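*Asks:* Read off the chains here:
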Amino acid sequence: MTDSLIDIGLSRGLAVLIAKTLGVFALATVGLLWTFFCIWAERKVAARFQDRLGPNRAGPFGLAQTVADAIKIILKEDIMHQGVDRWVFNLAPILSVMSVLLIWVVIPFTPTLIGVDLSIGVLYLFAVGSLGSIAILMAGWSSNNKFALLGAFRAVAQLISYEVPMALAMLVPVVLAGSMSTQDIVRSQHVMYLIAAPLTVLIFIIASMAELGRAPFDILEAESELVAGYQTEYSGFKFGLFYVGEFLHAFTVGLLIAVLFLGGWRGPFAEDVPALGFVYLLLKSFVGYFAVMWIRMTLPRVRVDQILDLGWKFLVPLSLVNLIVVAFLWKILPGTDSINSAGDALVPSLVLLAANILMIAGVGMLLREEGRRERARIAARRAAQPVSEPGSVADAAPAGASD
Amino acid sequence: MFEVPSLSDLNVGATLPVTLLALGACVLLVVDLFIPRERKSITAWLTAIGIGVSLVFSLLSLSGAVEFGSGELAFSDMYRADRLTDTINVAALITALLGVMVAYDYLERTRLQRGEYYILLMFSAAGAMLMGAANDLVIVFIALELLSIPLYILSGFRRPQEASEESAMKYFLLGAFASGFLIYGIALIYGATGTTNLPEVWDAVAGVVAEDSAAKFLVMIGAGLVLAGLGFKVAAVPFHMWTPDVYQGAPTPVVAYMSVAAKIGGFAALVRVFGMGLSTFVLESGAPAAWQDTIWLVAVLTMLLGNVVAIVQSDLKRLLAYSTIAHAGYILIAVAAAGTAGLEDTAAQAVVIYLIAYAFTNAGAFAVITAMEKDDASNTSLDALRGLASRCPWLAAAMAVFMLSLTGIPLTAGFVGKWFVFKVALQADLVAAAVVGVLTSAVSAYYYLRVVWMMYFEEGEGDAATPPALAWAIGVAAVGTLVLGALPYLLSDMAREITLAFGG
Amino acid sequence: MLSEYAPIAALLVISVGMGILILFISRIFGPFRPTARKLAPYESGMEPFGPAIRRIPVKFYRVAVLFILFDIEVIFFLPWAVVFRDLGSYGLVTMGVFFFVLTVGFIYEWKVGGLEWE
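Protein chains in written order, with numbering that gives the first Met the number 0: chain A, 0 to 402; chain B, 0 to 503; chain C, 0 to 117.
Think of the hints as simulated: they come from the structure by calculation, not from any bench.
No false leads were mixed into what you were given.
Derived BS3-like pairs (lysine-lysine); straight-line CA-CA distance at most 27 Å:
(1) 71(A) with 37(C)
(2) 75(A) with 43(A)
(3) 110(C) with 58(C)
(4) 169(B) with 58(C)
(5) 75(A) with 37(C)
(6) 312(A) with 58(C)
(7) 71(A) with 43(A)
(8) 312(A) with 110(C)
Owing to the predicted nature of the structure, the values given are computational and were not obtained by experimental measurement.
Assemble the whole structure, with the sequences as input and the hints as a guide.
*Replies:* Written as structure tokens, this is what we have:
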């Protein structure tokens, strides 16, 4: 396309700029439309988990359900109640979608198709990833509502707590690939980093779940405590935009898992047929996406103090140790300087795998010990107070019930 | 791609005193967590040992008996381990040691005994040492923060007490403001000269001024802002307002330490920045450096204000607070003298001599107040001194020594300090400043000697408690003051080889 | 160099534009019938009282400060992670010192109870 633009007499720089802008425009549109599919898929999967049918009336398999919902939500009244900070209030939902869309710019879809192959791709991911917390804070602050403000503060406390382990987990692919560019990270995954660093993937998934604010980490909209958290005062399509942002983010986490740990577009013949790479990437993303959904459907909600404990006292030290171990091993292992094929990468990957298994076993033992102590504590408390409340797990709400 | 430095380039050996201290503080921070609350004396001992080890290394390096590291520069030319560094290290470490000794019993009886006190003290001592070793404006800034931030916390260490909290808050807000000035000034100097490395600034400044470009004004404003930032630390006059309030509110042992450590750090950095980096900043060749007039004016104002306001104080802590302002003025004269070409080294020597003399004297004076102070932070007024001599003769004698030394009576360390300062001022033709210095010293005799008078010649209920550690601290300080005063060549020999010149 | 980021700037503009467009459309098609009750802040059906923005517990602030510390540390790790292979033992040792200082602070924070939520 750049060439045809040059042909009609535009300068090269301008042509590239226009082509890129159009590409980005297409990316944003596709991203937003893709959300429709994501919402449908997620509702369908959730329904199966809960032994329901899910959407099945509008269109084949209920595929048009989301479209119908979107039309409905556009026709709703957009209430802006008294005392809101207009600019901030309107900007917050837009920013929440934008923060996710911006991530898509550095996702390598095929060996050749990528928005911008930034040399500091991973740093860029950190940067735009944290825009989401600002959107939440803006929403809560501008709403002139106590629930919204408190919800926003809790949400942001959670988001920033998990940003640290997530960032540390994202550092591991950077260490292994020796580059921050996402395209380079995919290229150097002759053997998926899932094999070399399974513990990192676990940390990344847990932290991402918290970043998404979904069950089991969905205290930001704990209905029983905070009404709807920072979204309390939003109605009409502004509420819809938050919704879009959340679902798009969920799929984006799948994409990131695929790119950083599952080899992105890599697969048989992907180098020759780029379109094939795109298919591989989608398939891999759905693996990650499905894992995220699965956890959401299965686990009950945890308390706010438990969330922060898990983040600071478990994930942060674990991811620090993990990073140091991986980096150190990767440095001292022979033959990691020049990895040009799967054969070169296999042995170091397996060594790292062994180290990871050791670490996981150690952590598992620690956790078992901690669990035993916690149970003993609870038993002691029960014994001290014979009149038991209706269960000390009262904070655990059934997951995913709201859909 | 880029040149990979090797570990030996770091030249860690040259930085051993400060690295050891900082490392020790880090380790102690963790160790302290496992020491039960009622046995914090262990932390105090460990801190003393850490400071002692560092002091031994500094003294060894000072005596030249052992050569640590290779060459003067370390950490990619950021750190300069020369004679000035060694002497400043010794001064800061002695102050820190006195600070630990003064604090121990005070913390015990006011139930403040927490390990953090000693660890923060160690960190801030490391900051003061780094300021003396700075070879780069960035290090000046980082060291200033390392020196100040623990001091902010320490001022508020008596937490539920409002006066202490207020003093911490004031100190922190104004200190943060001053740090802002400093970093802004550093940015401007960097903008004008294109470097933050002090020797390179020295090289570049002459060229910048010769070209008479706008950059000259950048350097001028930058130097002014740096002077403001460091002037705040040493409590020089337009930036002195925090001093009396903070010193009065902060726990007395903290004041004993910080009134000296902040001055050591601040003046070391002033000497480094102005004497070393900006000494070529002359507006016309042959004239003294452009900042000389400003600094000696500041010095005159500081001496006048400190000494005059101190006369009317009725609280001993406030009185000594104003006295510290006055002493900042005396040292500033020496800094100003560094602006005359050829006198940089002599001026730096005078600053160091004064600082060491001042360290013993002032820390000792505040230690005496610590002994007098009751658990509820009362009994620090001048009236509380009445009749102290009859009940605690030794304590009163020590206090008298400190007061005489602060006045600058011969045979005390204070006299030696003042002697060298005024001498270098006359050499630099700063006659006015020297005259004001002598006159205000005479004025200061009034309120210092009044303290002695009250202790010895007035009847009253003056009383004090001197537990062993505190007694030792006061004893060491008093003996130090007397010995350095009686044998002045100890100080002058130690300082003689201080030079700000650098190769290249 | 900077033109690399032009598409990102474009995406910023586009997504904000799209958002405004969507909100505008919903403004056109949706009804707009405000009443006093509808415009009151939601407080579970009670009469709203007092200002909505009030003092926030200090624990949130503590989490924020912790986050800043660690986030900056991660940012320092990033360039190191890219080139640590070329830096050799120098890189490992200096980063080890950095890591040591960080760990000391973290252990301290943990033991003093800075990580407890309640």
